[in-house]
Amino acid sequence: MKELFPAKQVIGFAFSLLLTVIALAVYFLDMPFAVGMTILLVTAFVQAGVQLKVFMHAGETEDKAAIYTNVYYGLIIALVTIFGTLLAMVWDM
Amino acid sequence: MEFFERFAVPHPSPAIYASMVAIGLVMIALVVGLTYFKKWGYLWREWLTTVDHKRIGIMYLISALIMLFRGGVDAIMMRAQLSAPENTLLDSQHYNEIFTTHGIVMIMFMAMPFIFALMNIVIPLQIGARDVAFPRLNALSFWLFFMGAMLFNISFVIGGSPDAGWTSYFPLAGNEFSTSVGTNYYMIALQISGIGSLMTGINMITTVLRMRAPGMTLMKMPMFTWSSFIANVIIVFAFPVLTVALAMGTMDRLFGTQFFTMENGGMDMLWANLFWVWGHPEVYILILPAFGIYSEVISTFSRRNLYGYKSMVASMVVISLMSFLVWAHHFFTMGQGALTNSIFSITTMAIAVPTGVKIFNWLLTMWKGKIEFTTPMLYAVLFIPLFTLGGVTGVMLAMSAADYQYHNTMFLVAHFHNVIIPGVVFAMLAGLTYYWPKLFGFMLNEKIGKWTAWLLSIGFLLAFMPMYITGLDGQARRMYTYSEATGFGPLNMVSFVGSGIMAIGFALIVYNIYYSTRYASRDISSDPWDARTLEWATHNPVPEYNFAVLPEVKSSEALWDAKKKGHVLFKGKYEEIHMPNNSGAPFLMSVIFFIWGFALIFSLWIPAIIATLGIFAFMTHRSFEQDHGHHISVKEIEETETKMRGAK
Amino acid sequence: MKIDHSLPLEYSTDQNKLNILGFWIFIGAEIMLFATLFASYFTLVDRTGSGPSGAEIFEITPVLIETLLLLTSSFTIGLGVHAMRLGRVKAMLTFFSVTLILGLAFLGVEIYEFVHYVHVGAGIQTSAFTSILLTTLGTHGAHVTLGLFWGLYIILQVKKRGLTPQTANKSFIFSLYWHFLDVVWIFIFSFIYLKGMM
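These protein sequence lines map, in sequence, to chains A, B and C.
Be aware that the first sequence starts at 1, since it is given in the numbering used here, and climbs by one per residue.
Be aware that the second sequence starts at 94, since it is given in the numbering used here, and climbs by one per residue.
Be aware that the third sequence starts at 742, since it is given in the numbering used here, and climbs by one per residue.
Hints were generated in silico from the structure; no laboratory data involved.
One thing to keep in mind: the hints can contain errors.
Derived DEER-like restraints, expressed as beta-carbon distance ranges [as the list claims (entries may be wrong)]: (1) C:901 - B:348: 35 to 45 Å; (2) B:724 - A:68: 31 to 41 Å; (3) A:18 - B:715: 39 to 49 Å; (4) C:852 - B:103: 50 to 60 Å; (5) A:5 - B:731: 47 to 57 Å; (6) B:715 - C:852: 41 to 51 Å; (7) C:842 - B:401: 52 to 62 Å; (8) C:901 - A:5: 22 to 32 Å; (9) C:830 - B:706: 52 to 62 Å; (10) C:862 - B:181: 47 to 57 Å.
Which stretches of chain A does chain B cover? Using the computed rule of at least three CB atoms under 8 Å from a CB of chain B, they are [stated by the list, open to error]: (11) 65-74; (12) 78-90.
In silico BS3-like cross-links for lysine-lysine, where the CA-CA straight-line distance does not exceed 25 Å [unchecked claim]: (13) A:2 - C:936; (14) A:64 - C:831; (15) B:461 - B:403; (16) B:664 - B:728; (17) A:64 - B:313; (18) B:403 - A:64; (19) A:8 - C:911; (20) A:53 - C:911; (21) C:831 - A:2; (22) B:313 - B:543; (23) B:403 - B:313; (24) C:831 - A:8.
In this text, a Cβ means the ideal position worked out from N, Cα and C, and glycines have one as well.
Let's have the full structure, built from the sequences with the hints guiding it.
Printed below as a string of structure tokens:
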């Protein structure tokens, strides 16, 4: 039975629950918007990283470089698109 | 009867009725012809179910050529209408429809399939692979593109063409101002073919990353493969944006959502934003493979290796990132502040730098080379000055302050035709001529080919240079007529003459294919151009399995080094070859997609739901299907190889 | 077909490696798909017209339940793949089934949530904000729904055919898909719900 629950994944799961609880602080505690957003940004991206590394086995094959490049490339373009859109449509309109 | 009224064309004209009759007659002729010559089985077995990348490439090629003429007719009609002031050849509605379909057909259904054709034909051969990574998916990509194109093209005889411009800006494209189903056609036909393009992107990236011949590291890939690889990376990250934008537009039109409306918080500008987040990278999706073709052609016919290989690769990687950083330059005048416009102005000017690097690399490749002016080389040599002209006007347009003068004028129209025609279209024609023997085992006629290149170049200059002038003088694009007092008349007449010369050029391509099919010698070697890269190391036409023995590579010019330095490409002996099976599923599934799209366009909900279930049924079938492909035995390979060699 | 026994079953053939890399690239495209939805969401979030704002309609309880369900399902599918690598087919199928049940429960809560939104006057046609909210959530929900069918098909195939290079490959790719949906949910949870209720 024990071999079915590898420590790495159990710890990963516990860690992601912990990150969720930390993120919830922005709902239950009163804090400035900037602080809240910082907490959310950090928890969300760490959480995504945990999934990628622990659960999705992104780094275990010879295609590691291609896979990580792909994800980071997507992430960069995604952020550029989101912030560029906000700049053109909301902040500087 | 009421049910059928929705299919009527809202603005009929004799031309449209004539088209209906023509389409009907062509359909009947096809069915009768196929039945009479008993070719249904051949069509099904050899083409509709094929998963062979070369055949899929040929089908893309044929579609692209047909669409070139479909979009070309639109262009001629536009130029004819504008050739004289107060002309009444077309009314405003008809003109709106024509400039809309011209743009979409040329970009999505001519240029895109043309580059996919060349990618499909060349990439696996150039990297020494037997097919693409996912042959079945490749067939699905093609058929989705094809069905999307067909769906779009029936719009002008059933229900009415889209008429809100190829950019389909809201609120014009919303229900309030575009009441016919035309814009539904736009949204859904593009959606279907866009999904196909996205799949091709994934397929080609995987192919290039994992299926290269032994010894071919990334930095030893031929330049066309590199450029297509980068273009496919852009496809994978840009097309989802179009998918979402089109879905949102469709929902606004069909389900009453409020994304781009003028009330309840809707924001019409968001459409323009999303459209160009996809639209600008799309420009580079088209031009990069074209650059790849020029790189191959210039290096082959200068008899020199490509100058600055590493800087070529680096510049394309930079372009792939920067192409996502410039989109707002398409709407400098929309009302955002100076900060945004300045940022996008600077990024836009900066992206000209890597493109400039490439121009110099080509020039330096030709420098001290032994240039041979074949047709493909002629296109490449004509491309460099003409494209540079377009690039320079692009930098002019990049200045946001000055753009207030150029925006939405014929200056802009001249600019983007100036980059797309010498850039993309010339490259595709060069590629067509260059790779024709690879596909069919004979060469296209050089004399007719050169006439074509010159006619297209002269026609292009006559058609588009006047637009720079009238544009600066204030002639707006998309206006169906103008008064005599503007003085635009004579220059527009010159444009019309130019478009006529281009039409002759394009007609010559068809004549060349006909002429060469009839008269060209079939006795050509496997390497008729004395080329440098791996695709020329196998027979013409290429056998099903591409290479009897997979090549081993030591440099980016594997064949050249095999010829000159005595590298041995093919080591080892024949072994059984594993090949994928043909399948009718991609074609049939795409037919269901066509029905699904058609039903949605006309809000026929029950057929739409049934078609949706049909699509899921195909996906389910695919999940459970077991298909291990088939093997070609050593004996068969030996027979094919002997026969192919014997023909020489 | 050449099978390389030194690697886990899902990587053991060339086609399997192609499939996995191809799926990763598809995930790259999915990142952009959701990024576009997020970009639109952030643009339209304050454009509520005459309809309600996020703070007025979001409820923490169903959101928390959904988050827990999806996080746990992501954990169980991870265990499923681990069991598969150990060759424990029965344990693997159990974990996969648990994952799908959690996914189904998630979908149930999400449907409840949608009904609630429509009930309080936040339908898909109400305002730009509700349109993009329901479309973003709906796109994620549609992915989960598709995943439920896909997962079911894979369970049936593993049951019938056992662990072969093909079924193992499909199971592994499905797990990538499922983890990715969890990642997307984390962003929805953080930047749509929590930010909206902050």
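Evaluated hints:
For the pair residue 901 (chain C) and residue 348 (chain B), the supplied restraint of 35 to 45 Å holds, since their beta-carbon distance comes to about 40 Å. For the pair residue 724 (chain B) and residue 68 (chain A), the supplied restraint of 31 to 41 Å holds, since their beta-carbon distance comes to about 36 Å. Checked against the hint of 39 to 49 Å, the C-beta distance between residue 18 (chain A) and residue 715 (chain B) comes to roughly 40 Å, which is consistent with it. Take residue 852 (chain C) and residue 103 (chain B): their Cβ atoms lie about 40 Å apart, and the range 50 to 60 Å is violated.
Between residue 5 (chain A) and residue 731 (chain B) the Cβ separation comes to about 56 Å, which falls inside the hinted range of 47 to 57 Å. Separated by about 28 Å at the C-beta atoms, residue 715 (chain B) and residue 852 (chain C) break the suggested range of 41 to 51 Å. One distance hint, 52 to 62 Å for the beta-carbon pair residue 842 (chain C) and residue 401 (chain B), holds here, with the actual separation near 58 Å. At roughly 27 Å, the beta-carbon separation of residue 901 (chain C) and residue 5 (chain A) lies within the given 22 to 32 Å, and the hint holds.
The supplied range of 52 to 62 Å is broken by residue 830 (chain C) and residue 706 (chain B), whose beta-carbon atoms lie about 32 Å from each other. With their beta carbons about 52 Å apart, residue 862 (chain C) and residue 181 (chain B) fall inside the hinted range of 47 to 57 Å. For the stretch 65-74 of chain A, the proposed coverage by chain B is satisfied: 3 residues have a C-beta within less than 8 Å of a C-beta in that chain, meeting the threshold of three. Requiring three or more residues with a Cβ within less than 8 Å of a Cβ of chain B, the coverage given for the stretch 78-90 of chain A holds, as 7 such residues are present.
For the given pair, residue 2 (chain A) sits about 39 Å from residue 936 (chain C) by alpha-carbon distance, which is inconsistent with the 25 Å threshold. Only pairs whose Cα atoms come within 25 Å are accepted, and residue 64 (chain A) paired with residue 831 (chain C) is rejected, the gap being roughly 30 Å. Proposed proximity of residue 461 (chain B) and residue 403 (chain B) is supported: the alpha carbons are some 20 Å apart, at most 25 Å. For the hint pairing residue 664 (chain B) with residue 728 (chain B), the CA-to-CA distance comes to about 18 Å; that is within 25 Å, so the pair holds.
Annotation: proposed proximity of residue 64 (chain A) to residue 313 (chain B) holds, straight-line Cα distance about 20 Å (limit 25 Å). Taking the CA atoms of residue 403 (chain B) and residue 64 (chain A), the gap is near 23 Å; set against the 25 Å cutoff, the hint holds. Between residue 8 (chain A) and residue 911 (chain C) the CA atoms are separated by roughly 23 Å; this keeps the pair inside 25 Å, and the hint holds. Restraint check for residue 53 (chain A) and residue 911 (chain C): satisfied, since their Cα atoms lie roughly 20 Å apart, inside the 25 Å limit.
In summary, the hint linking residue 831 (chain C) to residue 2 (chain A) is supported, as the alpha carbons are separated by about 15 Å, within the 25 Å threshold. As the CA atoms of residue 313 (chain B) and residue 543 (chain B) are separated by approximately 32 Å, the hinted pair breaks the 25 Å bound. A hinted pair counts as satisfied when its Cα atoms are at most 25 Å apart, and residue 403 (chain B) with residue 313 (chain B) qualifies at roughly 10 Å. Annotation: proposed proximity of residue 831 (chain C) to residue 8 (chain A) holds, straight-line Cα distance about 22 Å (limit 25 Å).
Hints 4, 6, 9, 13, 14 and 22 from the list above are not met by this structure, while the remaining hints are.
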